[in-house]
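Chemist: Each chain, written out:
There are 2 protein chains.
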Amino acid sequence: MILAARIKENSSRYIQELSAFLKIPSISTDTEYTPQVREAAQWLEKSFTSLNASSVTVHETAGHPIVTAEFCVDALKPTVLVYGHYDVQPAGDLTKWESDPFNPTIHDGKIFARGATDDKGQVFTYLKAIELLQEQGPLPCNIRFLIEGSEEISSKNLPEFLEAHPEITKCDAAVISDTAIIDEDTPSITTGLRGHTRVNVTVKGPVKDVHSGSFGGAITNPMEALCKMIATVTDDKGRVTMPGFYDNIRDYTAEERALINSRDMDAVVKEETGVAALVGEENFTTLERIGIRPAFTALNMHAGPATGILTGVISSNAKAFLAIRTVPGQSPVGVGEMLIKHLKDNAPKGVTVEAEICGKPSSPWTLKSFKDPAYQAAAQSFEQVWGKTPIPEFNGGSIPVVEMLQNSGVSPTLMGFGLESDALHGPNEHMSINRIEKGIETVALFFGNFAEKHAAQKKVTVVPT
Amino acid sequence: MILAARIKENSSRYIQELSAFLKIPSISTDTEYTPQVREAAQWLEKSFTSLNASSVTVHETAGHPIVTAEFCVDALKPTVLVYGHYDVQPAGDLTKWESDPFNPTIHDGKIFARGATDDKGQVFTYLKAIELLQEQGPLPCNIRFLIEGSEEISSKNLPEFLEAHPEITKCDAAVISDTAIIDEDTPSITTGLRGHTRVNVTVKGPVKDVHSGSFGGAITNPMEALCKMIATVTDDKGRVTMPGFYDNIRDYTAEERALINSRDMDAVVKEETGVAALVGEENFTTLERIGIRPAFTALNMHAGPATGILTGVISSNAKAFLAIRTVPGQSPVGVGEMLIKHLKDNAPKGVTVEAEICGKPSSPWTLKSFKDPAYQAAAQSFEQVWGKTPIPEFNGGSIPVVEMLQNSGVSPTLMGFGLESDALHGPNEHMSINRIEKGIETVALFFGNFAEKHAAQKKVTVVPT
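If you read the sequences in order, they're chains A and B.
Take 1 as the starting number for the first sequence in my numbering and just add one per residue.
Take 1 as the starting number for the second sequence in my numbering and just add one per residue.
Be careful, since some hints might not be right.
As the list claims (entries may be wrong) - If you anchor each label on the Cβ, the simulated ranges turn out as follows:
#, chain 1, residue 1, chain 2, residue 2, range
1, A, 211, B, 159, 33 to 39 angstroms
2, B, 20, A, 211, 32 to 38 angstroms
3, B, 268, A, 241, 37 to 43 angstroms
4, A, 73, B, 309, 47 to 53 angstroms
5, B, 248, A, 277, 34 to 40 angstroms
6, B, 274, A, 241, 37 to 43 angstroms
7, B, 341, A, 107, 56 to 62 angstroms
8, A, 425, B, 345, 42 to 48 angstroms
It should be emphasised that the hints constitute simulated quantities derived from the structure, not laboratory data.
For each residue, glycine too, the CB sits at the ideal point set by N, CA and C.
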């Protein structure tokens with residue numbers, strides 16, 4: 001309450017300060033803006049210094065700088081790692097912007113600028129949360145910031161940096177605010193991200209395209225063979241038939257499934273896709289099918305001449321690009337190899353099959369448990385500010401930085417305040433002032449809530465059984 | 001013997017005369033050559049007149065002229081209709097020709113010119129056969145020529161012409177020399193042509209391409225659906241599983257199958273296609289699989305972005321172009337509709353299927369029986385001249401004119417003297433002088449042999465049982 005009142009009081013100053021951050025065109029994708037990217041890093045350095053950070057460092061990398069800041073209050077208190085990024089996407093087509101992307105404009109309760117939601121606006125909530133907490137006394141926990149300038153170019157310098165600085169990821173929890181909630185009034189916490197393993201397959205038959213009249217019926221047609229192979233991967237409900245595919249995947253308790261299913265996804269999926277009937281693995285809800293269950297997805301297939309050509313030949317080869325969306329418990333490379341073996345084992349006689357994993361498979365990630373103190377602290381904070389229990393969200397795509405942190409042993413809580421409709425990456429990117437204010441409050445509450453829950457959990461853990 | 005000796009005597013004159021025919025650039029595909037196409041028709045008119053034809057007519061059509069000529073000897077004798085064409089393909093890339101395509105050149109025992117084998121050289125054998133037969137006395141049967149000038153442009157004026165002149169197709173047999181034999185020393189008679197019915201199918205799922213992470217597992221993927229649908233059309237040996245598909249198709253006797261299988265096609269198909277294993281319907285040889293059995297052939301399929309694009313979306317639709325090679329007894333439209341119904345019946349839940357027959361299905365054709373007197377006369381003539389029983393050949397593609405004659409109630413015997421290696425339609429088209437000479441002899445013998453077999457069959461038929 002007091003927090004909310006203070007935020008309202010400071011709101012116009014906040015927007016002014018955020019505007020200064022947003023004015024810097026820290027476009028990491030365009031080398032012409034390299035000085036401006038550094039300028040944004042320096043803006044952060046200055047901000048952390050003003051907040052009396054224990055230490056602030058602008059780390060040089062092969063690419064753009066990485067800014068770290070430590071707020072050490074008590075070695076006995078837990079440490080929270082905050083990840084964010086200060087770089088932005090290019091503005092794109094300026095004619096589609098209603099205002100200058102690097103001259104923040106406020107109307108309809110929103111601030112319009114490149115980076116407003118992705119991710120400067122969200123990073124900013126942490127700076128103001130710390131400012132507010134410091135007014136009240138010492139910070140409830142140690143806080144470490146890791147704010148990079150290359151997120152929009154695949155965080156390419158981050159893995160090397162994290163490897164060189166293992167102390168950065170030594171923490172009790174990590175939090176990222178770079179995701180979306182459901183709508184302005186409905187908070188959610190991204191709880192799981194499926195991984196992605198893609199396989200390229202080529203089926204070869206005759207050495208050249210051959211006349212279908214002269215050879216049809218006597219040789220195996222690569223396109224038909226590939227269709228048959230793909231058809232064997234799933235049953236008629238889309239459940240993968242490959243033996244062992246579902247072994248070792250994370251099980252969810254009835255309680256967890258109830259929490260996951262607190263949102264009805266059927267209407268959303270029907271609305272988004274326009275399909276009349278939802279089809280998927282039996283005994284799982286739509287939300288579970290896309291969130292906690294793996295899926296086989298065929299991405300493309302090409303065989304024969306272009307559509308519309310009145311051909312009469314059997315094409316010498318057929319190509320497909322197939323994928324598996326993986327969930328924790330599955331090895332991204334392992335399921336790719338399983339798929340390749342399955343395709344080869346199920347290839348009709350008379351064709352040869354070439355298949356390989358394409359690109360680096362991304363790892364699936366999910367919150368280890370809804371009992372995780374960071375998740376619970378985030379959920380409690382959302383509840384206090386928004387008045388609603390946040391919905392655990394499962395996001396389809398992988399987020400590279402989550403995988404990188406995961407590789408360093410950290411499982412972050414994705415406490416984002418964006419909206420899919422914020423036009424991140426598009427023209428007229430914006431963030432509502434409401435969410436900036438609520439975000440600051442939620443972040444401020446989060447640190448205290450986490451410290452409490454961490455202590456409570458520690459207490460429980462140390463009780464001899 | 002005497003015939004062969006006379007042909008050898010006249011050989012150089014024949015080549016001179018044929019050269020005059022070949023010199024005319026009667027390219028039907030290019031309107032610039034319309035006068036030359038007519039010139040070739042007039043060359044034929046003059047040739048038939050020189051042979052004292054009972055009547056010769058150059059029929060005007062909406063396109064190029066059609067030349068008919070009657071050699072009436074006796075109303076009680078059978079009438080043979082001879083179809084051929086005097087138009088040719090364009091020369092194409094002149095730099096690939098070793099000599100002028102319209103200035104016939106002789107070397108290595110071959111005459112090189114556009115039209116040498118397709119079809120002027122073959123039509124020419126009939127003119128010389130008649131000349132030779134006339135030296136010996138009256139022709140053994142009535143002969144009617146139907147030589148068109150639009151074969152290379154799909155015989156487009158022929159159906160209308162045949163409909164307007166039903167008397168043209170009133171005959172006891174029809175013969176066409178516009179196909180190939182197996183090699184210089186191995187005669188064959190094209191005995192069957194499979195038909196072709198093509199179906200376009202589109203499977204529609206989500207209204208737009210959707211993220212495979214966000215929706216994979218919850219909706220039916222159109223590409224996977226189409227693969228499953230196509231996979232159900234045939235079993236693992238390529239036998240079509242659609243009920244009723246093989247009903248009513250022409251059965252072959254053991255004797256006929258022995259004749260068909262007098263040639264081993266396995267090595268040929270392996271050589272042509274480079275495949276290690278031949279796969280097809282059980283209990284049929286390779287030759288039967290491509291000759292007398294129908295086949296399902298998938299021609300193309302496209303779903304998703306182009307090969308090489310690292311996509312992660314479920315494509316909103318998938319398209320395929322499928323076909324059936326039909327054999328006599330099957331309705332070309334009927335099997336197309338059967339395929340469409342099968343695809344729709346086997347479509348997974350959650351997608352919609354649009355399918356339609358594409359283009360006009362071509363009809364299958366086959367010799368009604370190896371006991372057909374025209375087939376037997378052709379076989380006997382080949383045997384007399386080549387010293388070998390001709391192999392019944394089944395050709396993959398349909399030949400439009402065969403279908404047109406079939407529609408007029410005529411089932412022609414395809415007694416061609418070409419070779420696939422004659423470069424018809426390509427640069428350096430040619431015909432061997434050996435085959436021109438043997439062709440003349442074979443044609444001359446054919447008319448007598450046919451008249452005899454026709455009389456014998458008639459005799460058998462009129463004996464009261």
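Chemist: Confirm or reject each hint.
Modeler: Each hint, compared with the structure:
1. A:211 to B:159: 33 to 39 angstroms: violated, 25 angstroms
2. B:20 to A:211: 32 to 38 angstroms: holds, 35 angstroms
3. B:268 to A:241: 37 to 43 angstroms: The hinted range 37 to 43 angstroms holds for residue 268 (chain B) and residue 241 (chain A), with Cβ atoms some 39 angstroms apart.
4. A:73 to B:309: 47 to 53 angstroms: For residue 73 (chain A) and residue 309 (chain B) the Cβ distance comes to about 50 angstroms; the hint holds.
5. B:248 to A:277: 34 to 40 angstroms: holds, 38 angstroms
6. B:274 to A:241: 37 to 43 angstroms: Between residue 274 (chain B) and residue 241 (chain A), where Cβ atoms are some 32 angstroms apart, the hint is violated.
7. B:341 to A:107: 56 to 62 angstroms: holds, 58 angstroms
8. A:425 to B:345: 42 to 48 angstroms: Taking Cβ atoms as reference, residue 425 (chain A) and residue 345 (chain B) lie about 44 angstroms apart, which means the hint holds.
Checked against the numbered hints above, the structure violates hints 1 and 6; every other hint is satisfied.
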